[in-house]
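Protein chains: 2
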Amino acid sequence: MTTIAQSLHDQTVATAAAARRLAAASTEVKNAALIAIAEQIESNSASILRANEQDLDAAKRDGLSFHMLDRMTLNEARVKGMADAARNIASLDDPIGEILEHRELPNGLDLEQVRVPLGVIGVIYESRPNVTIDIATLCLKSGNGVVLRGGKECIITNTVLAGIVKDAIESAGIPRDVVLFIESTDRALVGEMLEMDDVIDLMIPRGSADLVNFVGQNAKMPAITGGVGVSHTYVDASADLNKALAIVVNAKVQRPTVCNALDTVLVHQGVARDFLPRLATEFGVHDVELRADGRAMSVLGALAGGAHVSPAKSDDFGTEFLALIASVKIVDSIDDAFDHIVEYGSRHSEAIVAEDAETVERFLNEVDAGVVLANTSTRFNDGAEFGLGAEVAISTNKLHARGPMGLKEITSYKWKVRGQGQIRH
Amino acid sequence: MTTIAQSLHDQTVATAAAARRLAAASTEVKNAALIAIAEQIESNSASILRANEQDLDAAKRDGLSFHMLDRMTLNEARVKGMADAARNIASLDDPIGEILEHRELPNGLDLEQVRVPLGVIGVIYESRPNVTIDIATLCLKSGNGVVLRGGKECIITNTVLAGIVKDAIESAGIPRDVVLFIESTDRALVGEMLEMDDVIDLMIPRGSADLVNFVGQNAKMPAITGGVGVSHTYVDASADLNKALAIVVNAKVQRPTVCNALDTVLVHQGVARDFLPRLATEFGVHDVELRADGRAMSVLGALAGGAHVSPAKSDDFGTEFLALIASVKIVDSIDDAFDHIVEYGSRHSEAIVAEDAETVERFLNEVDAGVVLANTSTRFNDGAEFGLGAEVAISTNKLHARGPMGLKEITSYKWKVRGQGQIRH
Numbered sequence: 005m006t007t008i009a010q011s012l013h014d015q016t017v018a019t020a021a022a023a024r025r026l027a028a029a030s031t032e033v034k035n036a037a038l039i040a041i042a043e044q045i046e047s048n049s050a051s052i053l054r055a056n057e058q059d060l061d062a063a064k065r066d067g068l069s070f071h072m073l074d075r076m077t078l079n080e081a082r083v084k085g086m087a088d089a090a091r092n093i094a095s096l097d098d099p100i101g102e103i104l105e106h107r108e109l110p111n112g113l114d115l116e117q118v119r120v121p122l123g124v125i126g127v128i129y130e131s132r133p134n135v136t137i138d139i140a141t142l143c144l145k146s147g148n149g150v151v152l153r154g155g156k157e158c159i160i161t162n163t164v165l166a167g168i169v170k171d172a173i174e175s176a177g178i179p180r181d182v183v184l185f186i187e188s189t190d191r192a193l194v195g196e197m198l199e200m201d202d203v204i205d206l207m208i209p210r211g212s213a214d215l216v217n218f219v220g221q222n223a224k225m226p227a228i229t230g231g232v233g234v235s236h237t238y239v240d241a242s243a244d245l246n247k248a249l250a251i252v253v254n255a256k257v258q259r260p261t262v263c264n265a266l267d268t269v270l271v272h273q274g275v276a277r278d279f280l281p282r283l284a285t286e287f288g289v290h291d292v293e294l295r296a297d298g299r300a301m302s303v304l305g306a307l308a309g310g311a312h313v314s315p316a317k318s319d320d321f322g323t324e325f326l327a328l329i330a331s332v333k334i335v336d337s338i339d340d341a342f343d344h345i346v347e348y349g350s351r352h353s354e355a356i357v358a359e360d361a362e363t364v365e366r367f368l369n370e371v372d373a374g375v376v377l378a379n380t381s382t383r384f385n386d387g388a389e390f391g392l393g394a395e396v397a398i399s400t401n402k403l404h405a406r407g408p409m410g411l412k413e414i415t416s417y418k419w420k421v422r423g424q425g426q427i428r429h
Numbered sequence: 005m006t007t008i009a010q011s012l013h014d015q016t017v018a019t020a021a022a023a024r025r026l027a028a029a030s031t032e033v034k035n036a037a038l039i040a041i042a043e044q045i046e047s048n049s050a051s052i053l054r055a056n057e058q059d060l061d062a063a064k065r066d067g068l069s070f071h072m073l074d075r076m077t078l079n080e081a082r083v084k085g086m087a088d089a090a091r092n093i094a095s096l097d098d099p100i101g102e103i104l105e106h107r108e109l110p111n112g113l114d115l116e117q118v119r120v121p122l123g124v125i126g127v128i129y130e131s132r133p134n135v136t137i138d139i140a141t142l143c144l145k146s147g148n149g150v151v152l153r154g155g156k157e158c159i160i161t162n163t164v165l166a167g168i169v170k171d172a173i174e175s176a177g178i179p180r181d182v183v184l185f186i187e188s189t190d191r192a193l194v195g196e197m198l199e200m201d202d203v204i205d206l207m208i209p210r211g212s213a214d215l216v217n218f219v220g221q222n223a224k225m226p227a228i229t230g231g232v233g234v235s236h237t238y239v240d241a242s243a244d245l246n247k248a249l250a251i252v253v254n255a256k257v258q259r260p261t262v263c264n265a266l267d268t269v270l271v272h273q274g275v276a277r278d279f280l281p282r283l284a285t286e287f288g289v290h291d292v293e294l295r296a297d298g299r300a301m302s303v304l305g306a307l308a309g310g311a312h313v314s315p316a317k318s319d320d321f322g323t324e325f326l327a328l329i330a331s332v333k334i335v336d337s338i339d340d341a342f343d344h345i346v347e348y349g350s351r352h353s354e355a356i357v358a359e360d361a362e363t364v365e366r367f368l369n370e371v372d373a374g375v376v377l378a379n380t381s382t383r384f385n386d387g388a389e390f391g392l393g394a395e396v397a398i399s400t401n402k403l404h405a406r407g408p409m410g411l412k413e414i415t416s417y418k419w420k421v422r423g424q425g426q427i428r429h
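Read top to bottom, the protein sequences are chains A and B. Residue numbers for the first sequence follow my numbering, so the first one is 5 and each next one is one higher. Residue numbers for the second sequence follow my numbering, so the first one is 5 and each next one is one higher.
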């Protein structure tokens with residue numbers, strides 16, 4: 005190990021030890037720490053904004069895109085938003101100590117399945133500084149230590165935020181080492197983190213598909229490989245086309261750069277002639293580029309000659325666009341839609357628009373994805389929308405947690421067995 | 005890919021497709037299949053025993069140990085036991101379709117968290133043929149497809165059993181492909197299985213620590229790395245020493261070759277003088293070799309000169325003996341015991357014997373293991389003993405399932421969202 009990696013490992017060992025103490029902390033102490041974080045964010049607003057200015061100056065010099073700069077930028081309202089987020093986590097039920105199952109065995113043994121923290125969670129993330137607060141507060145409330153590796157572009161802001169968090173939790177009597185923020189932007193440290201399965205129990209990458217895949221393939225510990233959503237909305241023959249139009253447009257345009265935004269519309273051939281021209285027109289209004297399969301092109305007719313409609317290439321299906329682009333395909337039946345989703349979906353967010361109740365239930369039952377939705381926008385696959393408070397990630401794994409991951413989803417459990425001298429025969 | 009690997013992949017694709025149909029099967033159909041398995045095991049008892057004779061003849065020629073031969077051997081009672089096990093799984097609640105959470109959001113969206121199968125589970129196991137039936141029936145009831153890779157030594161018996169299972173489930177209207185038994189004993193196929201993360205959702209190795217570690221390190225899909233238990237029992241100053249003696253001896257001798265058997269006894273210095281000589285004598289009666297640390301040696305005095313007591317070497321702590329051997333160490337406090345368990349334990353089964361209630365609770369809360377036990381034998385860390393029916397494994401992972409894994413522990417969940425046209429603002 006290099007010196008810097010050894011130092012990171014030593015610090016993570018300290019985080020793991022601190023996390024064992026945090027695991028025994030009462031709800032009251034954890035909530036006091038969360039409130040202290042909120043208060044200290046507010047009282048340090050000016051220094052947070054100054055740090056953010058420095059990051060933004062550097063980012064502008066480095067020529068980062070407007071979109072990136074926007075994600076990085078803090079203002080008073082956004083700082084207030086971080087404080088509110090910490091207070092919100094304080095208001096949620098403490099998952100730790102929850103008894104998931106309790107049973108007395110015929111031999112008198114008392115069996116209790118109790119929710120416990122995972123241990124130490126490593127998070128690698130990019131751009132938005134509020135992620136630092138979201139993750140640190142979720143981990144604190146759920147009794148987990150956390151190793152935070154933020155993006156280079158926000159390193160000054162994130163360092164200030166992490167310092168505030170550490171001071172605040174220490175003021176509440178929790179060891180400051182439960183939160184470890186990596187201040188070095190040395191890229192090699194990411195690789196080193198992924199080797200530390202002796203001290204990091206779970207790795208969560210939040211960022212590009214490349215980052216998520218890299219972590220999934222290289223982490224020695226378990227990793228949540230989520231956040232990449234190739235999302236379909238199937239418009240059934242029984243659909244209310246007004247609803248369908250509103251839902252599909254919302255799923256595409258309300259925030260096109262995120263994982264639960266729509267990528268592909270599958271339209272039943274029975275309604276394609278009515279629906280597709282309206283969709284193309286509405287997408288045109290919102291500057292959405294429509295890439296249509298051969299059948300859809302012919303249905304679209306004259307519209308297909310417009311600026312916003314072009315023939316789909318093969319890789320326009322199965323692609324997460326993260327932009328104002330959508331592909332569309334006509335299918336003959338719900339089974340064709342299933343086949344397409346099995347082949348091209350990423351098991352993230354899959355929706356149907358249909359009035360026929362039986363068709364809706366078939367879709368919800370048979371489509372294999374973390375979140376399946378009927379008659380609503382895929383944009384609702386979100387921890388805050390689900391009422392989980394915040395989320396650390398949206399998982400497309402099938403093991404452990406699936407879909408939005410809030411407090412409960414970053415816990416484990418243990419079995420406690422209480423006896424009076426029972427032995428096995 | 006080699007031809008044989010390609011063929012395995014093709015068959016596993018068929019299993020995955022069949023598993024999607026099984027996922028929608030009713031409880032009645034699955035139970036009918038399980039009863040059919042039980043009946044066909046009984047009516048084919050003679051051919052199962054003939055196949056087992058052939059395996060045993062080969063094993064004897066190959067010079068396998070008495071212990072191995074015993075594990076492999078079937079007789080009428082053991083065949084009946086397999087049929088009973090299948091009937092028992094039929095009697096358990098169907099985990100699939102269970103609603104884990106249900107909530108209506110303020111915007112009217114109806115949110116349901118529903119238990120679903122994982123998909124396809126790969127299992128690599130050794131020797132005991134009843135494992136073929138246990139795993140196939142647990143997977144069937146939980147709606148999962150399964151790829152079974154049994155040990156070479158039981159290949160003829162397991163092939164017959166797998167054929168019976170496939171015929172039985174087909175007779176109940178479930179596609180026979182949901183169960184895939186690998187008839188080739190080509191070792192390279194294990195490596196090929198571990199690459200098939202496109203069709204196998206979870207890998208479960210059951211066997212030696214080497215096998216478990218190999219799968220854990222090489223599987224591209226998630227793997228349950230359990231089954232290796234370095235188990236401690238801590239005898240506190242407040243212990244009832246009669247209970248302690250019975251519990252420690254039971255944990256060591258009742259079945260020494262399994263993962264939940266005791267490996268190390270930690271004895272509080274306050275009771276060491278009373279307890280250790282009695283333990284050494286009782287272990288002597290049961291032919292248990294005791295390896296004692298320096299302080300325990302001096303307490304044991306004259307007994308330490310006996311045939312069954314010798315000084316512990318450093319690797320006698322942290323070793324899973326799987327034999328009539330135990331190490332013993334005197335500790336000054338419960339905190340010393342914690343430190344020892346953190347350093348040497350494998351988070352599998354950890355026990356305390358103590359009458360002081362506060363000490364018991366500290367141990368149950370602070371020791372980080374899948375199953376923590378007070379005043380009882382570590383041998384109770386077992387799916388059947390816990391009332392889970394059978395078990396596919398005992399997990400020492402902290403993610404997904406921990407401890408004994410029965411039906412629920414080989415499932416996932418999905419979120420179903422039902423709307424009436426809601427869009428996100």
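Calculated directly from the structure, the hints in this document are not laboratory data. Misleading hints may appear alongside valid ones.
Chain copies aren't distinguished; within one or between two, either way the pair holds.
As the list claims (entries may be wrong) - Below 20 Å or equal to it, Euclidean Cα-Cα: the simulated SDA-like pairs (lysine to any residue) are: (1) Lys317 - Val346; (2) Lys224 - Asp201; (3) Lys412 - Leu104; (4) Lys170 - Ile160; (5) Lys224 - Ala388; (6) Lys84 - Gly177; (7) Lys412 - Asn369; (8) Lys247 - Gln424; (9) Lys156 - Asn134; (10) Lys156 - Gly112; (11) Lys84 - Glu293; (12) Lys224 - Ala213; (13) Lys247 - Arg422; (14) Lys412 - Ala192; (15) Lys170 - Ile39; (16) Lys247 - His429; (17) Lys412 - Gln117; (18) Lys412 - Glu108; (19) Lys317 - Ala36; (20) Lys224 - Ala63; (21) Lys170 - Tyr417; (22) Lys170 - Ala81; (23) Lys64 - Ser337; (24) Lys317 - Asn369; (25) Lys412 - Asp372; (26) Lys170 - Arg259; (27) Lys247 - Asn217; (28) Lys412 - Glu102; (29) Lys156 - Val346; (30) Lys64 - Asn48.
The hints, checked one at a time:
{"no.": "1", "hint": "Lys317 - Val346", "result": "within (19 Å within a copy, 56 Å between copies)"}
{"no.": "2", "hint": "Lys224 - Asp201", "result": "both (6 Å within a copy, 16 Å between copies)"}
{"no.": "3", "hint": "Lys412 - Leu104", "result": "both (11 Å within a copy, 13 Å between copies)"}
{"no.": "4", "hint": "Lys170 - Ile160", "result": "within (16 Å within a copy, 62 Å between copies)"}
{"no.": "5", "hint": "Lys224 - Ala388", "result": "neither (30 Å within a copy, 32 Å between copies)"}
{"no.": "6", "hint": "Lys84 - Gly177", "result": "neither (24 Å within a copy, 60 Å between copies)"}
{"no.": "7", "hint": "Lys412 - Asn369", "result": "between (24 Å within a copy, 18 Å between copies)"}
{"no.": "8", "hint": "Lys247 - Gln424", "result": "between (62 Å within a copy, 8 Å between copies)"}
{"no.": "9", "hint": "Lys156 - Asn134", "result": "within (15 Å within a copy, 55 Å between copies)"}
{"no.": "10", "hint": "Lys156 - Gly112", "result": "neither (57 Å within a copy, 41 Å between copies)"}
{"no.": "11", "hint": "Lys84 - Glu293", "result": "neither (36 Å within a copy, 65 Å between copies)"}
{"no.": "12", "hint": "Lys224 - Ala213", "result": "both (19 Å within a copy, 18 Å between copies)"}
{"no.": "13", "hint": "Lys247 - Arg422", "result": "between (56 Å within a copy, 14 Å between copies)"}
{"no.": "14", "hint": "Lys412 - Ala192", "result": "neither (32 Å within a copy, 40 Å between copies)"}
{"no.": "15", "hint": "Lys170 - Ile39", "result": "within (13 Å within a copy, 59 Å between copies)"}
{"no.": "16", "hint": "Lys247 - His429", "result": "between (64 Å within a copy, 15 Å between copies)"}
{"no.": "17", "hint": "Lys412 - Gln117", "result": "both (14 Å within a copy, 13 Å between copies)"}
{"no.": "18", "hint": "Lys412 - Glu108", "result": "between (25 Å within a copy, 19 Å between copies)"}
{"no.": "19", "hint": "Lys317 - Ala36", "result": "neither (55 Å within a copy, 48 Å between copies)"}
{"no.": "20", "hint": "Lys224 - Ala63", "result": "neither (33 Å within a copy, 37 Å between copies)"}
{"no.": "21", "hint": "Lys170 - Tyr417", "result": "neither (27 Å within a copy, 35 Å between copies)"}
{"no.": "22", "hint": "Lys170 - Ala81", "result": "neither (23 Å within a copy, 63 Å between copies)"}
{"no.": "23", "hint": "Lys64 - Ser337", "result": "neither (50 Å within a copy, 59 Å between copies)"}
{"no.": "24", "hint": "Lys317 - Asn369", "result": "neither (31 Å within a copy, 57 Å between copies)"}
{"no.": "25", "hint": "Lys412 - Asp372", "result": "between (22 Å within a copy, 18 Å between copies)"}
{"no.": "26", "hint": "Lys170 - Arg259", "result": "neither (33 Å within a copy, 49 Å between copies)"}
{"no.": "27", "hint": "Lys247 - Asn217", "result": "neither (36 Å within a copy, 52 Å between copies)"}
{"no.": "28", "hint": "Lys412 - Glu102", "result": "both (10 Å within a copy, 18 Å between copies)"}
{"no.": "29", "hint": "Lys156 - Val346", "result": "neither (37 Å within a copy, 35 Å between copies)"}
{"no.": "30", "hint": "Lys64 - Asn48", "result": "neither (24 Å within a copy, 77 Å between copies)"}
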